[in-house]
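Chemist: Letter by letter, the chains look like this.
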Amino acid sequence: MTGDPGLQPERTRLAWRRTLLALTAVTVLTVRQALTGGLAGALLAGAALLGWAATLALCWPRATGSGPVRATSRTMPVIALAAVGHAALGVLLALRGVW
Amino acid sequence: MWEAIRRWFDPRELRSVGSRPDYRFSLANERTFLAWLRTGLALVGGGLAAAQFLPPLPLAHLREVIAVALLLLGGTVAVRAVDHWARTERAIRLGEELPASRFPAVLALAVGLGALLLVVAVLAGTVGRR
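Chains A and X, in that order, give the protein sequences. Quick note: the first sequence uses my numbering, first residue 2, plus one each step. Quick note: the second sequence uses my numbering, first residue 88, plus one each step.
What the hints contain is simulated information worked out from the structure, not anything from laboratory work. Yeah, the Cβ is synthetic: ideal placement off N, Cα and C, and Gly gets one too. Keep in mind that the hints are not guaranteed to be accurate.
Short, incomplete list of chain A residues facing chain X, as computed with Cβ under 10 Å [unchecked claim]:
# : residue
1 : T31
2 : L50
3 : M77
4 : V79
5 : A88
6 : G98
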């Protein structure tokens, strides 16, 4: 097997960056929607921003290649959890006006 | 089920089965996971956008139904992505057959059917008429 020492890690880093960018866009949409809802909305927006910052900090070594990167790590469930969190928050905010 | 969820957050256990594979296979598995996660995030973003940018529709709560359907679909895709990633990583480490899945086909059918329903709704004037 001929190796490709640089390419696969680099492609993976770029994939992480694209994913974090997508997460950032979703965070912006969530915050924008939450901020229309008074104090509770502002608190939810703050929680979304905190979650975004924590996820970004945790995934940073994978996105930049700094620090140790192991094949199996908690970063995968954490970033998936971030997506699920936005989905749950979105359902809550979308249904706010219904009842 | 809780056992599987606990395993996602305990990478040591995943690392303890089988033998360490060629890192390129792990990286490919990781990129596939990320591609699925972006699919999920796109669906979640679409749901959030539907809730914020669609005007109230003539059919009661249709806007909320569209938004919640997209959000739930996006959340499901994200959860399934991490589960499939863990099961694939395990199979690679054990040298087993990769897990097969109906999920991509089901998702494609669900998205296609939803789009078709929206086309019908637009043509019927339920959506898009001010």
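Chemist: Tell me the numbers of any earlier hints that the structure contravenes, in ascending order.
Modeler: 2
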